[in-house]
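Those protein sequences? They're chains C and X, same order as listed.
Position 110 of the first sequence, counting from 1, maps to 110 under my numbering, and the rest follow consecutively.
Position 267 of the second sequence, counting from 1, maps to 267 under my numbering, and the rest follow consecutively.
No lab work stands behind these hints, which were simulated from the structure alone.
Note that the structure is predicted; figures quoted are calculated from it, not measured.
Careful, some of the hints might be misleading.
Simulated crosslink set (SDA-like; lysine to any residue; CA at most 20 Å straight-line) [said to hold, decoys possible]:
{"#": "1", "chain 1": "C", "residue 1": "Lys148", "chain 2": "X", "residue 2": "Lys252"}
{"#": "2", "chain 1": "X", "residue 1": "Lys252", "chain 2": "X", "residue 2": "Lys349"}
{"#": "3", "chain 1": "X", "residue 1": "Lys349", "chain 2": "C", "residue 2": "Arg145"}
Part of the chain C face toward chain X, derived, beta carbon under 8 Å [claimed, not checked]:
{"#": "4", "residue": "Leu160"}
{"#": "5", "residue": "Gln195"}
{"#": "6", "residue": "Gly318"}
{"#": "7", "residue": "Phe325"}
{"#": "8", "residue": "Leu327"}
{"#": "9", "residue": "Ile328"}
Sample of chain C residues with no beta-carbon within 12 Å of chain X, all distances over it, derived [stated by the list, open to error]:
{"#": "10", "residue": "Pro28"}
{"#": "11", "residue": "Trp58"}
{"#": "12", "residue": "Phe61"}
{"#": "13", "residue": "Leu122"}
{"#": "14", "residue": "Leu329"}
Glycine residues also receive a C-beta, built at the ideal position from the N, C-alpha and C atoms.
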Amino acid sequence: MVSKSAIAEVESPSQPQFSKHQKIWTIPFILAILSVVILGIISLFTGVYDIRGQEDGWNMFFITRVPRTVALMLTGAAMAMTGLIMQLMSQNKMVEPTTIGTTEWAGLGLLAVYLLFPGPTLVLRMTGAILFSFAGTMIFFFFLRRVKLRSSLIVPIIGLMLGAVISAFSTFTALFFNMSQVVESWFVGSFAAVQIGRYEYLWIIVIVTILIFMYANRLTLAGLGEDIATTLGVNYNRLILLANALVAVAVGVVAAVIGNIPFLGLIVPNIVSMLRGDDLRSNLPWVCVMGMGTITLCDILSRVIIMPFEVPVSLILGTIGAVVFILILLRQRKSRRLR
Amino acid sequence: MSALDSQLHTNGDFHARLRTRATRAFRSRKEEKRYWLLLSALLGLGLLASLGLLLYNNPVPVDSPSFIPVVERRLVAIIAMLIAALCHSFATVAFHSVTNNRIITPSLLGYEALYSAIHTSTLFFFGAGALVRFTGIGSFVLQVALMIVMSLILYGWLLSGKYGNLHLMLLIGIIIGAGLNSVSGFMRRLLAPSEFDLLQSRLIGSVTNANAEYFPIAIPLVIITVLCLFFFSKKLNVLSLGKDVATSFGVKYQASIIFTLVLIAVLMSVSTSLLGPLTFFGFLVAILSYQAAPTYDHRYVFPMAFAVGFSILTSAYFLLYHVLQAQTVVSVVIELFGGILFLIVILRKRSL
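Required output: the full structure, derived from the provided sequences and hints.
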């Protein structure tokens, strides 16, 4: 896998020179940021409630619209970055929280908290989701390191099956305790309920983001595999643990506050790496910005598509994400054909 | 092959013995004996449990005129279990051999997603009345046809041609399933709780979903497909050795794979539209039957898988209905065991 990607870097003619990579503030990047800002402004002024016409319009603006837009930005950045980190750690482009069952583990964690503490607070739910998704991700990575793989496509297949097992377990527990609709409504992530006082924990994601940026170089080394990383002076196991902890925190917080956000971590990093090649350090800001933009766009769509009602954003992401995922797979199939 | 055989014959007794040894499916007579013992024990257990299901706890006495109708009603459930066991065992074992991988189940290929999408959208667009009425032969045939067409499109698109890739096809099937699930998940969210409950009972696999009306179509279809698979055993034996080996043995790899997958699609869609989704049942059955039948010959693995499946289904239903009084959760319990077994198996695997 390592050698394959290395070969791809040399062969691919679209790969920009390394020196260009170092510069982050290029014109395309500034344009991307500008378009995300514009999307954010559109998101601020999209909704049923007439902000400028009503007397308490501006109050409403600060109670729901601003938190919603902030939540969108934070969630988008978090999910896209976790996807990138997971792909790097597993050296597999098809890995992300939905394809290896991390989200299902988070859902199971939420359910466990609901069962143990009647009427749990948000902190409790979040803790449960974080702990369970950490355990789940670690189990999967443990499994990946132990087995020899014949095809890189087998990883998401096993991961999705694992996710199905976990969600079968959740379904069983939920049926047993009569809580099916809790599970069901969790699996449909939506930003509709975001308002002041209900989203602030998402700011934890900022800390996660800073940590990821700080560790970006070492994570890139870890992405070369255990042997090379160790030779280059990186404590591989500790780094894997740290990366998984960061992923689990981001996924758990998002799971508790928003719900299930499928495929974002898969499509954004893949599109960025198609456009720019694989350099974590300079791709990270791109992945953040593209993640924010994608989810904001989807959320605006979800608000206007059946106005005055709302479609949960995870439906739109699930559908679009599935289509994009299939397109990415087919593209890979074509490039494999050429070789 | 026959030329080789006759040559071996002329080479005397030693080679003749070698030949007979080479054609046997089991490593030793002991294993063969154990196989037949286990097979008959499992079939016996299945029969016993189904007799129990038919007769135990019958509210009316044997000599009453309503005894026969009660038994008949219960017989429908038994037949449904037979069909489920046949479909899932044959489909999963064949799928494992064809994909050369013993931890994937064919039920991941989106049949269930399509099933739940069909039912959810019926409820969503046409209301609860339509869902209750959506039960005739027509709807059954429609569902089966839709699922088979979907898998044919998938296979034809991704498996044919020089660069067909099985893993890619699997992954795309799963992703299509996920996309369909997100569509139906959204529709379910807009349902009233009462409608949601109605749908929930449909979407969880259960033999009580089975409708005797479908049997005249389902039974012949399943029997023909199962026989096709059974008589395809020799090819499957070779296919399970992998693409390269199978090709050098002179098997038309692409064509045989697509043929097998179509048969699997028929089995899975009949079972899914008759009983609802059962994700890990086939997996559970196949893994257990590999343990029980220490051979690679599908002519022996298939019957064992069927026996395992039938005895699991009937005894689980018998225990949970009459001993533990928990009627609704049978399939969920089977799923749970299948899922746990899946976890154990993948954690013990060394290579995939």
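A quick look at each hint next to the structure:
no.	hint	verdict
1	C:Lys148 <-> X:Lys252	violated (29 Å)
2	X:Lys252 <-> X:Lys349	violated (30 Å)
3	X:Lys349 <-> C:Arg145	holds (11 Å)
4	Leu160	holds (5 Å)
5	Gln195	violated (20 Å)
6	Gly318	holds (3 Å)
7	Phe325	holds (5 Å)
8	Leu327	violated (10 Å)
9	Ile328	violated (10 Å)
10	Pro28	holds (30 Å)
11	Trp58	holds (31 Å)
12	Phe61	holds (27 Å)
13	Leu122	holds (21 Å)
14	Leu329	violated (6 Å)
Of the numbered hints stated above, those contradicted by the structure are hints 1, 2, 5, 8, 9, 14, listed in ascending order.
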